[in-house]
Structure formats: C-alpha cells, structure tokens
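Engineer: Below are the chains, spelled out letter by letter.
2 protein chains.
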Amino acid sequence: MPSKAFYSYSAPGSVMLLGEHAVLKGYPAVVCAINNRITVELIPQADRHITLTSALGEFQTSLDKLVINPPFQFVIAAIKLYEEKLTQGFHLKIQADFASHLGLGSSAAVTVACIAVLREFANLGVLPMKVLSEGLTVLKTVQGVGSGADLAASIFGGLIRYQIDPLKVTPLIPLPYIGLFYSGSKMLTAAVIKHIEQQFRHRNTELINIYQAIAVCAEEGIVAIKEANWQLLGQIFNRQQVAMEKLGVCNQALQQLINKIIQQKAIFGVKISGSGLGDCVVAIGNQGAFSHIDEQNYIPVDITTKGLKCEETRLC
Amino acid sequence: MPSKAFYSYSAPGSVMLLGEHAVLKGYPAVVCAINNRITVELIPQADRHITLTSALGEFQTSLDKLVINPPFQFVIAAIKLYEEKLTQGFHLKIQADFASHLGLGSSAAVTVACIAVLREFANLGVLPMKVLSEGLTVLKTVQGVGSGADLAASIFGGLIRYQIDPLKVTPLIPLPYIGLFYSGSKMLTAAVIKHIEQQFRHRNTELINIYQAIAVCAEEGIVAIKEANWQLLGQIFNRQQVAMEKLGVCNQALQQLINKIIQQKAIFGVKISGSGLGDCVVAIGNQGAFSHIDEQNYIPVDITTKGLKCEETRLC
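Protein chains in written order, with the numbering used here: chain A, 63 to 378; chain B, 63 to 378.
Just so you know, these hints were derived from the structure itself, not from any lab. Please note that the accuracy of each hint is not assured.
Copies of the same chain are indistinguishable here, so a pair counts whether it falls within one copy or spans any two.
What the hints assert, rightly or not - Capping the alpha-carbon separation at 30 angstroms, the derived lysine-lysine pairs in BS3-like fashion look like this: (1) 87 x 192; (2) 288 x 155; (3) 288 x 230; (4) 87 x 155; (5) 256 x 327.
Work the whole structure out from these sequences, hints included.
Structural biologist: Structure follows, in structure tokens:
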C-alpha cells in the first residue's frame with residue numbers, strides 16, 4: 063500500500079546556451095533551467111490500471127500492457143523502468159505552463175518529474191544523479207540520440223556545465239537554498255521599532271553595539287555570498303540571531319521554531335527574517351533540507367532573479 | 063488618451079537575510095526576491111473614476127477624492143504621487159500568489175508594481191531607481207518608518223546588498239538576462255543529427271573542426287559566466303552561431319530572427335538554441351532589451367535556480 067494519497071513533483075524546462083552538437087561527442091555544454099515548469103501528480107489506484115492525462119489528451123493502459131507510443135512516449139518509457147517494482151496502478155496528471163512545441167525541454171522536464179514521482183511512489187528515493195541516469199535511459203529508449211543536457215538542467219536548475227563522458231554536472235552560478243517558516247503571528251515593523259526604542263531608552267550604547275554587531279554580520283554575509291560559502295553564511299545567520307535576541311525581538315513562537323530547525327544536520331543556520339516579534343524565520347541549508355522539519359509552518363520559496371517585470375507580453 | 067487597452071506589471075515578494083534594524087541606521091543589509099509575485103493590471107477608464115480590486119475586496123473612489131486608508135493604503139498613496147499627472151481614471155486589478163500576512167514583502171511588491179503601472183500609464187517611463195525613490199516616498203507616507211530594502215528586492219530581483227545612506231543597491235550574484243524567440247517551426251534533434259551526418263559524409267575532418275570550435279565556445283563561455291562578463295558571453299554566442307551556420311543547421315527563419323536581433327544596441331549576442339533547423343534563438347543582453355524586438359516571436363523566460371522539486375507541500 064502506498065503511504066500517501068498523492069505524490070507530486072515539478073521540473074523546469076531548459077534552454078541550451080552553448081555547446082550544441084559538440085556535447086554529443088563528449089565536449090562540455092552550458093544549459094540553464096527556465097521558469098516554466100511541468101508538474102506531474104500521481105494518485106495511487108487500487109488495481110493495476112494506469113490513466114495518463116495532460117493537455118495532449120487522456121490515455122488508458124495497464125501495468126501489464128505498457129507499450130511506448132506517442133504522445134506519452136516519455137512517460138510510458140519512464141513507467142516501464144519501474145514496471146517490476148510497481149504493484150499498483152495510478153493516475154498520472156501532467157500539467158505544463160508552457161507549450162511543448164517551443165523546444166524548451168518539455169520532454170526532459172516531463173521525464174524527470176515522472177521519474178521522481180514514480181521513484182517516490184515505489185519508495186526508491188529521489189537522488190538527483192539517479193534521476194539523471196534513468197532519464198538518460200528513457201531518452202535513449204524513446205529517441206535514440208540526445209545529450210541529456212536538458213534532463214540535467216531540469217533536475218539541478220540554474221546555469222550548469224554538462225558533459226556526458228564522464229557524466230558530470232557542475233553548477234556555474236550557485237545560489238543558496240533558503241527555507242522559510244511562519245511563526246503564526248505578525249507585528250508591524252513600526253511597532254517593533256517603537257518597542258526597541260522603549261526597551262533601550264536608558265541603554266543607548268548597548269543598542270548601538272547591537273546594531274554594529276548586526277552590521278558586521280551583513281558585511282561578512284556579503285563576503286560569504288560572493289564566495290558561495292553557504293556553510294559560513296549559515297554561521298553568520300546564527301550570529302545575527304544572537305543579536306536579534308539581545309534586541310528583544312525574538313518571541314516564544316520564533317524561538318521554538320529556531321530551536322527545532324537548528325537541530326537538523328542539513329541546516330547551516332537559522333534566524334528571524336525581518337524586524338521580529340512575528341512573521342518568519344529563514345534557514346539556510348542543503349537542498350531539500352527544509353520541507354520535512356515543520357510541514358505545518360514551512361513556506362516553500364526560492365530566490366528569484368526576476369524583479370519588477372512588464373507582464374504585457376504573454377507566453378503563447 | 064492612453065495608448066494601450068491595459069498596462070500590467072508584476073513584482074516579487076522578498077525575504078530579509080541579514081542586517082535587520084541596523085539597516086535603518088545606514089548600515090548595509092542583504093535581501094532577496096522570492097518566487098511569489100503580485101501582479102497589478104491597470105485598465106484605463108473614460109471618466110475620473112477609480113476602482114481597486116484585490117483579494118482584500120473592492121474599493122471605489124475618484125481621482126479627485128484620494129484618501130490614504132487601509133486596506134489599500136499603499137496603492138492609494140502610490141496613486142496620489144501621480145494625481146496631478148493623471149487625467150483619466152482606471153480600474154486596478156491586484157492579484158497575489160501569496161498571502162499578505164506572512165511578512166514576505168507583499169506591501170513592497172504591490173507598491174512597486176503599482177508605481178510601475180502608473181508611471182507607464184502616465185507615460186513617465188519605468189526607471190528602476192526612480193521606482194525605488196518613489197516607493198520610499200510611499201513607504202514613508204504610509205508607515206513612517208522602514209528601510210525600503212524590500213522595495214529594492216522587488217524591483218531588482220535576486221540577492222542584493224542594500225543601504226539607505228547613500229541609497230545604493232548592488233546585486234550580489236548576477237545572472238545574465240536571456241531572451242528567447244521562436245522561429246515558428248520544429249525539427250527533432252535526431253533528424254537534425256542525421257542531416258548533419260549526411261551533409262558531412264565525405265568531410266569528416268571539417269565536421270570535427272566545427273565540433274571543436276563549438277567546444278571552445280562552451281569552455282570560454284563557462285569562464286565568461288564565472289566572471290559574470292555578459293558582454294563577452296554575447297560575443298561567444300555570436301561565435302558559436304558562426305559554427306552552427308557552418309554545420310548547416312540555420313534555416314531562413316532562424317537567420318532572419320538573428321539578423322533582426324543582432325542589430326539592437328542592447329543585445330550582446332544571439333545564436334540558435336538547441337540542435338537547430340527550427341525551435342528558438344537565444345539572445346543575451348541588457349534587462350528589458352528583448353521584449354520590443356519581435357513581440358510576435360518573443361517568449362519571456364528567466365533563468366530559474368529551482369530544479370526538480372517536490373510539490374506536496376503547498377503555500378497556505
């Protein structure tokens with residue numbers, strides 16, 4: 063019996079930036095993930111029946127009758143990989159927020175998301191390099207040829223260097239992984255600032271010392287970010303958190319969250335985000351380290367490079 | 063008379079990473095934009111009537127009766143900035159893909175998107191530093207205190223160093239801006255590879271030389287990316303494009319797009335993305351350089367760091 067009512071993974075499309083064709087001969091290529099995604103949801107069924115639905119239509123089959131045919135060739139080839147490990151059928155719902163004819167790596171994105179969802183359903187674990195090697199098997203089964211650079215971009219995200227011989231994926235511009243946890247309440251910044259002023263009315267030197275300690279954290283954090291040293295950035299988070307506690311802006315809910323998060327091995331550091339006495343704490347750690355800590359308070363966010371943007375031009 | 067039927071801008075929320083409180087005293091802070099956005103659409107009206115709609119409700123007023131009151135205090139304060147420049151009313155539709163109570167900079171995001179849409183409606187131009195300084199005016203009018211670091215993150219995106227005295231925004235991890243243009247057709251990678259093999263059947267040395275030229279482009283591109291030298295990366299794009307043409311994978315539609323794009327001053331380089339003989343070209347250039355080149359073929363994408371991702375935990 064599956065342990066969950068549904069399983070859902072999403073993967074981004076991709077754009078090849080440099081190295082096309084030569085990549086097939088073993089040379090490196092540069093590929094990046096883009097902010098258009100495909101989501102694959104798996105709903106377990108009691109029998110061995112399989113239903114696939116997407117914008118391309120609906121298709122019915124069974125675990126015992128898997129034949130790799132369009133338009134679901136990548137999906138069915140992925141299912142075939144796990145044929146012997148699967149004991150139950152399922153409904154796979156595929157949703158894309160971009161058109162498949164644009165050449166933005168939709169086949170790779172759907173392959174990667176299917177493999178992830180099937181691996182989790184079959185309780186096999188979703189290790190990125192494993193998803194990549196099985197994605198390459200699907201790619202070769204379905205289209206015979208292809209570097210798999212788009213698979214790697216869909217799995218790892220960002221801007222990556224990719225080569226097939228030996229298979230190697232290197233992030234070119236690393237960004238830290240952040241995790242946010244909501245403390246359950248909110249206090250306006252102005253009120254927090256007023257609270258601090260009152261508390262430190264007769265202790266101005268102490269207050270200035272705390273501000274300076276926070277400023278040192280920011281300056282050293284900037285250096286850590288430029289060096290992509292996320293472990294160090296985490297230590298700096300912890301140091302600023304000490305200063306936030308001295309300021310008196312850490313309430314019980316924030317403190318409990320911080321105590322819970324900091325115990326996790328894959329977390330480098332955690333602190334209040336914003337003025338305090340409410341809102342969220344922000345943690346820094348390994349990819350995927352956050353979602354299992356406190357599912358109720360976890361807010362899945364990612365850093366985006368896309369700031370203010372005119373929305374008048376729309377995708378297809 | 064406004065020149066368009068509607069105007070639409072979106073801006074991301076933000077998370078403060080380091081430097082809270084000290085930032086108000088002039089020290090630097092580190093803040094990042096997150097992948098939850100607020101979109102503001104402005105539909106011009108013939109009279110001086112103003113309608114505001116959002117998840118918070120609907121509010122009716124007039125250009126002649128603007129009073130800054132919740133729940134639309136940031137929006138109305140932004141409109142008041144342009145009171146004298148606006149001759150017509152409008153309907154502002156505000157849509158957020160995240161909850162406003164989480165402390166993820168929703169006030170800053172809505173302020174920034176409103177200012178942008180109003181500036182474009184009033185034909186004043188949407189310069190980022192101008193949007194920031196007017197955002198700070200709104201912030202001070204509405205809440206009296208606040209660093210505006212969240213405004214800067216909403217405008218510039220990414221991970222930034224922010225300080226208020228003197229006002230300065232510095233991107234900490236720059237990513238290149240890419241623009242994609244669809245050529246109108248598609249050819250499967252396997253077919254393109256077969257085509258190349260046939261064309262170079264008796265010219266194997268020549269083919270190897272082209273592959274090596276492409277490989278050199280990829281290697282040099284990796285160095286350019288690590289140095290965040292997007293002008294150089296653009297030149298490398300152009301060099302790989304020459305190799306793609308030698309490979310015979312550039313058709314007329316791709317060539318016409320490339321000729322059109324490369325003439326633009328704000329574009330550093332442009333090439334076919336992927337195996338060629340169809341799909342897209344990818345350009346690299348300044349922010350905002352792409353959308354006016356070829357609106358029909360333009361596909362707005364951004365590089366994302368978010369790869370394969372479990373979707374089972376959902377926001378709120």
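Engineer: Hints first: check each against the structure and report whether it holds.
Structural biologist: To see whether the hints hold, each was checked on the structure:
no. : hint      : verdict
1   : 87 x 192  : within (22 angstroms within a copy, 49 angstroms between copies)
2   : 288 x 155 : neither (41 angstroms within a copy, 39 angstroms between copies)
3   : 288 x 230 : both (24 angstroms within a copy, 18 angstroms between copies)
4   : 87 x 155  : neither (36 angstroms within a copy, 52 angstroms between copies)
5   : 256 x 327 : neither (37 angstroms within a copy, 50 angstroms between copies)
In this structure, the earlier hints numbered 2, 4, 5 are contradicted, and the remaining ones agree with it.
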